[in-house]
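> Make a model of the complete structure from these sequences and hints.
Read off the chains here:
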Amino acid sequence: AQSVTQLDSHVSVSEGTPVLLRCNYSSSYSPSLFWYVQHPNKGLQLLLKYTSAATLVKGINGFEAEFKKSETSFHLTKPSAHMSDAAEYFCVVSDSGTSGTYKYIFGTGTRLKVLA
Amino acid sequence: SAVISQKPSRDICQRGTSLTIQCQVDSQVTMMFWYRQQPGQSLTLIATANQGSEATYESGFVIDKFPISRPNLTFSTLTVSNMSPEDSSIYLCSVLRSGGLNTEAFFGQGTRLTVV
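Sequence lines, in order, name chains A and B.
Position 57, counted from 1, in the first sequence is what the numbering used here calls 57; the numbers after and before it change by one each time, with no gaps.
Position 44, counted from 1, in the second sequence is what the numbering used here calls 1044; the numbers after and before it change by one each time, with no gaps.
Hints are computed from structural coordinates only; laboratory data are not their basis.
What you were told as hints is all true, and nothing was included just to trick you.
Pairs of lysine-lysine, DSSO-like flavour, derived with a Cα cap of 27 Å:
| no. | chain 1 | residue 1 | chain 2 | residue 2 |
| --- | --- | --- | --- | --- |
| 1 | A | Lys68 | A | Lys113 |
| 2 | A | Lys103 | B | Lys1007 |
| 3 | A | Lys103 | A | Lys68 |
| 4 | A | Lys103 | A | Lys69 |
| 5 | A | Lys42 | B | Lys1007 |
| 6 | A | Lys103 | B | Lys1065 |
| 7 | A | Lys58 | A | Lys68 |
| 8 | A | Lys58 | A | Lys69 |
| 9 | A | Lys103 | A | Lys42 |
Short, incomplete list of chain A residues facing chain B, as computed with Cβ under 7 Å:
| no. | residue |
| --- | --- |
| 10 | Gly43 |
| 11 | Tyr102 |
| 12 | Phe106 |
| 13 | Gly109 |
Note that beta-carbon positions come from the ideal geometry of N, C-alpha and C, so glycine has one too.
Following this line, the structure appears as structure tokens:
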């Protein structure tokens, strides 16, 4: 079985300061992990993905995430927040078909607020 | 990437009626998924719709309430039947591209349903 836990439902940072959005996962298989962003009234956009290659994954808009198997974590970071980063962020785990399915399991989401 | 068109983008419906949501993809895909995002919540998988077979429903979702059609490799519909205000949500169609570790999910813009 797979699950994903986003540890913070809301995060507030000041513009120009670092962003950390936390995600822990559980998977019986070698997981693929993703971060998606959802801006208000917009569709889901893929920020980055981990699929067993490099453990440090770089994504769009300056975001990156590090896969830590020993900690079962996949935290999302950005060195300097921008006002346009304010959105809902979802951590997602998938078994990428190793169990015969390609289900995406979504975390509960973290709403990022960026203060001027 | 995949271009996914969902119709309608939003609707306001009377309780007791049904609404059919359409999902059109710009190229053939094997696996399609329907998700529900209740207000302020994360995405929950309703069912997997593969062409040529019955849809597979997740726990808590049944065919009588959410019948799905998948007539070909580029199109699917989800019907929300006998609606109640609790069905007010965003419904999203998703498809998978490629395979194995390079599999990536793409999402439609969603259908925002309000039941009054």
